[in-house]
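J.: Listed below are the residues making up each chain.
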Amino acid sequence: MELSLYRQPLITGDEVTLGQITDEVLKPVEGPPTRNWILGFSASFFFLLIWLVAIGDTFWNGVGEWGLNKTIGWAWDITGFVWWVGIGHAGTLISAVLLLFRQNWRNSINRSAEAMTLFAVICAATYIFGHMGRPWLFYWIFPLPNTFGSLWVNFNSPLVWDAFAVSTYFTVSLVFWYVGLVPDIATIRDRAKGFSRTIYSVLSFGWTGSARQWVRFEAVSLILAGLATPLVLSVHSIVSSDFATSLIPGWHTTIFPPYFVAGAIFSGFGMVQTLLIVARSVLKLEKYITRDHIETMNRILILTGSVVGVAYGTEFFVAWYSGSEYEAYHFFYTRPQGPYWWAWVMMISCNVIIPQILWVKQIRTNITLTWILSIFVNIGMWFERFVIIVLSLHRDFLPSSWAMFYPTIVDIGVFVGSIGLFMTMFLLFIKYFPSIAMAEVKLLLKTQSEQSQKLQAAGEFAHAAAHGNAYDSPYGDIVIASTTTISSTKKTGGLHE
Amino acid sequence: MSNSKFIVASYNDEDLLKDGVKSIQAEGHSIFDVFTPYPVHGLHHMLHVPRSRLPKIAFVFGCIGGLSAIALISYCNGIDWPIDIGGKPYFPWPDFVPITFELTVLFASLGMAFAYFYVNGMYPGAKPDIFDERSTNDRFALVLAVPDTNNEKLTDLLKSTGVSEITYKEFNKR
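Quick note, the sequences are listed as chains A and B, same order. The first sequence begins at 200 in our numbering and counts up one residue at a time. The second sequence begins at 6 in our numbering and counts up one residue at a time.
Calculated from the structure, these hints are not laboratory results. Errors might be hidden in some of the hints.
What the hints assert, rightly or not - Okay, derived cross-link-like pairs now, DSSO-like style, lysine-lysine, Cα gap no bigger than 30 Å in a straight line:
#1 K132(B) x K226(A)
#2 K560(A) x K483(A)
#3 K132(B) x K630(A)
What the hints assert, rightly or not - Residues of chain A placed beyond 10 Å of chain B at every Cβ, according to the derived structure:
#4 S243
#5 A527
#6 V544
#7 K653
#8 A656
Stated by the list, open to error - Quick look at which bits of chain B chain A covers, simulated, 3 or more residues with Cβ under 8 Å:
#9 34–45
#10 53–60
#11 70–83
#12 100–107
#13 110–116
#14 121–130
C-beta: ideal position from N, C-alpha, C; glycine also.
Model the full structure from these sequences, guided by the hints.
T.: Below, the structure is given as structure tokens:
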């Protein structure tokens with residue numbers, strides 16, 4: 200389908216109109232719930248109930264309900280926390296970093312990826328509260344005046360940084376997501392009737408889409424993207440400092456911050472693929488989330504997966520080069536040859552070896568294979584955190600303290616339950632909010648859709664060149680990268696009449 | 006606003022809208038506002054909408070956030086209750102970078118977002134005047150404030166610009 204030297208179209212199909220984009224994106228929102236949605240929601244809600252029981256048991260009886268022991272004080276809880284926070288990173292990368300780089304293909308996936316970020320960070324937060332032991336004292340992590348002196352928190356501690364980083368990350372992601380969502384909520388409001396109109400009217404904050412509002416909207420989006428970009432890099436760097444500032448072999452590593460950030464983006468894109476490949480076919484959004492979108496995300500998976508592979512290699516190199524016998528013992532014996540060798544094999548194969556098949560274009564463009572691969576990435580990245588946390592701890596400095604971690608039923612309940620919590624929130628999101636940023640996709644219809652490219656290929660390009668650029672070149676337009684606009688694409692017959 | 010009568014010209018294409026804006030302005034009429042389903046680039050140049058000052062507001066809030074963080078951390082760990090941690094300095098400034106950064110970003114984002122909602126007159130439950138319900142969907146509404154909607158000359162001018170529908174709106178509350 201090589202139509203021109205332009206990029207692959209971001210909206211496929213002929214005769215797509217603006218109204219049609221609204222109709223198709225809002226179909227799940229405006230229509231009654233489909234059978235698939237009800238089935239998916241029921242299953243997710245069932246797992247959410249399991250989570251409620253498991254986390255309720257943890258709160259009531261304490262973390263002794265988990266399989267922790269004196270040697271292994273962090274296990275599935277922090278594994279789950281890091282896994283979920285990492286998953287969140289892809290959403291911010293798509294919505295913020297790709298906006299700064301003017302990658303227009305982000306426009307159709309950013310909304311649901313950002314929603315994924317929010318829900319993943321909520322799941323991560325549940326692990327933080329879950330592992331506290333006395334969760335009702337959670338506010339002790341914040342520097343609040345108190346009757347102990349005031350005895351303040353220790354600002355040198357990465358755990359305190361983490362509290363600031365994760366809460367800032369959640370707040371900024373929420374603001375970014377909602378600011379972008381408001382124009383689309385106004386679209387629903389103006390089409391809705393009765394009670395739902397009242398609700399969406401409140402949620403839309405009174406958006407009208409006037410020229411001034413759009414100018415401000417774009418300014419705010421750009422600045423929020425600029426703020427969120429270093430933020431997302433800082434969050435997982437700080438999470439990695441929870442480990443890197445300790446003296447445990449396997450944790451005490453200076454490459455942790457970049458290694459964790461790359462891993463986070465890798466696992467996040469894995470989860471985006473898992474969710475969106477299903478969502479695009481169930482919600483019938485293949486026109487907007489095209490095969491090329493999936494292929495582009497696969498390219499990011501190869502890149503970040505390879506960075507993670509290099510990071511694993513660097514750990515081996517440093518274990519040898521440092522001359523530290525504890526490091527060498529950990530990386531050359533404990534991980535690959537110890538009792539948890541299978542977890543290490545899962546990590547290496549799912550994260551480093553299997554994603555390399557994406558170099559083959561036929562695999563990269565195959566949607567079913569991509570989906571299966573994305574599951575491997577999700578599993579592999581969970582095992583990476585398990586390997587880092589549990590394997591580093593289970594061989595203590597004294598052989599008499601060596602231990603194994605055996606998850607209890609409560610551990611398993613909290614883990615599968617957190618997936619239920621995540622899916623419940625995600626399914627509610629796609630039912631009640633547009634899963635695609637309609638305004639941003641409509642923006643691409645005249646420039647980067649298949650129909651506009653066909654018009655260009657049909658020789659209209661020469662016409663436009665003769666007239667020069669039909670419009671004033673925008674000073675700081677933040678979304679359009681290619682401003683080849685053609686005056687004769689005008690249709691006077693009405694796009695939706 | 007002295008005047009609450011409006012002529013709403015709805016276009017179904019952004020290029021027609023821009024041509025319409027040009028024709029109206031060429032005849033010396035001023036445009037009340039334009040409502041579009043997505044940001045139409047170049048339009049605010051034609052309408053002389055100034056650049057947004059929100060980035061500057063974000064910068065100011067960011068500075069406030071960063072300075073607050075430094076003040077808080079220095080006071081707590083350096084002045085009010087210095088903690089001896091392995092004989093390390095009481096003011097290890099590199100350790101204070103992460104939280105200072107986080108609070109800078111937090112203040113800048115929240116401050117700018119609230120300012121954005123404030124200048125747009127947006128809040129939960131705000132009831133805006135909607136000139137064309139489809140201007141958030143697939144139409145581009147060009148709105149003219151007029152003393153009297155029975156203005157055939159203006160209507161004819163609008164009709165000549167490829168408009169799909171012309172409606173008259175009146176808002177009483179202002």
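J.: Going through the earlier hints one by one, which of them does the structure break, listed in rising order?
T.: Of the numbered hints, all hold.
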